[in-house]
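Novice: Protein sequences appear in the order of chains E and F. Start counting the first sequence at 2; every next residue gets the next number (the numbering used here). Start counting the second sequence at 12; every next residue gets the next number (the numbering used here).
Hints are computed from structural coordinates only; laboratory data are not their basis. Glycine residues also receive a C-beta, built at the ideal position from the N, C-alpha and C atoms. Keep in mind that the hints are not guaranteed to be accurate.
Which residues of chain F face chain E? A few of them, derived with a C-beta cut under 8 Å, are [unchecked claim]:
1. Val146
2. Ser151
3. Leu154
Sample of chain F residues lacking proximity to chain E, with all beta carbon distances greater than 10 Å (derived) [to be verified]:
4. Ala134
5. Gly159
6. Gly185
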Amino acid sequence: MTQFLMFLINGIAIGCGFALVGSGLVAVYRITGVVNFAQGMFAVVAALSATSFVAMGVWHGLAELMAISVGGLAGLITGVIAVGKRGTQPLTALLVTLAVGFLAYAVEVLIWGENPRSLAGLDGRAELMGVPVQRQYLLVIAVTVVVFVLLWLFFSRTYLGKALTACASNPYAARVVGIDVTRMAFIAFALGGVLGGIAGVLIAPLRPVSFDTDVSLIVGGFAAAIFGGLTRPMMALLGGVLLGITEVMIQAYGNASFATMGSLVFLLVIMIWQATRRPTVHKESV
Amino acid sequence: MRTPLPVLVGIAATAVIGLVLPFVLDRGGLALYIDVALSACVVVGISLLMGFAGQVSLGQTVFFAIGGYTAAVLVLNDYTTAVPVLNGVPPALVGMVAAPVVAGVIALLLGIPLLRLHGHHLAFATIAMHLIFLVVVQQSEPLGGSVGLMGIPGLSVGPFDLAGHQSMAFVSLGVLALVMLVAHNVVASRPGRALRALATSETAAESAGVPVGRYKLLVFALSGAFAGLAGSVWAYYVGYLSPEMFPVSMSITFVVMAAVGGMGSIWGALFGTVLIKVVVSSLGTLGTASGMPDYAPAVMSYAVYGLVLVLVLLFLPHGVVPEIRDRLLPLLGPRRARPPQGGGSTPREAESGATADSEPVTSQSGAGVQPSGHGAPGSS
C-alpha cells in the first residue's frame, strides 16, 4: 500500500509536468488559436539554461528564475515569428512553430551540445503520511498548484486576462473595442514561454534533458491540454495528472517499455472520442 | 488538352538530367541521388495529402519504415519457396510489390479512425502514431527489436545484380517516375477534381456530393503506399534497418520539403526535396570538412530545415513551384496557361489558378491546408 501511494505521488508529480507544458499550450491556443509546437522547446531551453547558470555559480532558485525568463524570451521570439506577420493562418502558424523548434535545435546543439544534461533539484525525501516521497516531487506538485491558481485568477479576474480571451473568441470584435490583437498574441506567447520554462526547470531534476526531449514533452503536454479541449487550464491539469498516474502505474506494474505508449494511446482515444462525439466541430475559414 | 511546349521541354530536361546524373556522379553523389529520389516519393504523397486532402501528416516516415521492414522480412525469410505461386519469382521483387501494398493497407486501416480528426489534432495524432510505431518495433522480436534487422541482401532480379550504387540509382529513379505518374493520373482524374474541391472547402465538397471521407482515406492510403515502395528500395540499398533510423524529425523534414516545393504540386514535391536535400548535404560536407566541431553538420541541417521552412511559410505560403508558376505562366499568354504539374485538369481551371486570386484551387488558405479544429478561432 505504501508502495502504491509512492507510485501515485510520483505519477501526480510527473503529470504536473505534463500539465504545466499543457497549460502553456492552452494559454497560447486560447488567445491566438495557434497550437504551439515549440512549447516543449521552451521547457528544454529553460532547463538547459538553468544547468548553465548553476554551472556558472548562480545560486539555485535565482538560476531557475533566470532560466524561466529565458523561456519567456524564447516564447516571445517564437510568437513574433509565428504570428507577427498579419494574416498567418493558425495551421500555417503550427508549421512555423515546428520550424522554430528546428531552429532552436540548431541553437541548443551549438550552445549545450547533443548530450543530455541534468539539473540538481531538491534532494532527500520527506515523509508524507508515512510514505517516503522525494522532495523534488512535492516541489513540482506545489508549484503546479500555485501556477494553476494564478492562471485561473489571471484569466477570470484581470482585465488583461479577459482581453486576451477576447482575442481568441473573436479577434475582429476584439480589435473593434480597441484591443491590440497582435500585441496580445505576443503576450500570450511570452506567457507560454514562462509556463514552459517553469515546467522545464521543474522536470530537469527528474529526468535528463537534451535538445530532442521536446517531442516527448510536447506530446505529453498536448495530451493533457486536449483533455480540456485546449481551452480549459483546469481540465489540462486533470488530464496531465491522469496521464502521469497512468504512465507510472504501467511502468510499475506492467511492462516499463510500454509506459510512454500509455500517454500516446490516451491522446488518440481522447481525440477520436471527442471527434466522434462532435463530428462537425471543425470550422472553415471563409 | 495540349501541354504547352515550355512545360514539355522542362519535363524532358528533368528526365534527361535524371538519366544522365547516375553516370557522372561519384559514390557520395549517388548516395545523395538515391536519397533524393526515394524521399521525393514520400514527399509526393505528403504533397497530395496536404494539398488535395487538406490533411497534415507528421507520421509519414512510419509507412516508409513499414515498407522497408516488409521487404526486409520477406527477403530475409524467403517466403517465395513457401507459396507455390511465387516459386521462381525473385524474392526481392516480391518484397518490392508487397511493401507498398502492406504500407497502403496499414495506412487505410489507421486512416479510418485517424482521419476523423482535423488540423492540429491530426498532426498530433500522426506524431503519436509514429511514436507508438517505434515502441512496437523496439518490442517486436521478428523485426529485430531495437537492434534492428541486419544483412538485408541487395536488390537482384534473376541474373541481374542491381545492388551497385549506379543501378540502385536507376531503380530509385524508376520508382520515383512510377510514383509521379500514378500521382499525376490521380490528380487529373475525376476523383482528383473532387479532391481539389475538398481541399478548398470540405463542407462545400460534401454538399456537392463528393464522398469526402472515402477520398481522404484513399489519398492517405496512396501516400502510405508511395512511402512504402520507397522504403523497400531504401532497405535493399542500405542493407539494415533499425528503429533509430526513423525518428520523428524525419517525418517533419518530409513535410518541410513538401511545404517548400508547394503543397498539391507533384513537381513542387520533387523540387522541394532536391533543394533541401542538396543544401543540407552540401552544408553537411562543409561542416565535416574544414576542421569544424563535430556537432557542426547537425547544427547546420537543423538550421537549414528551420530557416527554409519559416521563410517559405511566411513569404511564399503557396510554395516555391506554384509561386513561380503563377508569376511565369501569365507571361506565356493566357491560352497557354497551364500548371506544369499537370494539376489543371481543364485549361479553364488552370487559368483561374494561374491568374491568382480569382478562384482558390489548391492552396489558397495558408500553406494549402485548411484551418480547422475544435472551434479554432481564426486569427485573421
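Novice: None of the hints should be skipped; say for each whether it holds.
Specialist: Verification of the supplied hints:
no., hint, verdict
1, Val146, "holds, 5 Å"
2, Ser151, "violated, 11 Å"
3, Leu154, "violated, 14 Å"
4, Ala134, "violated, 7 Å"
5, Gly159, "holds, 16 Å"
6, Gly185, "holds, 32 Å"
Checked against the numbered hints above, the structure breaks hints 2, 3, 4 and satisfies the rest.
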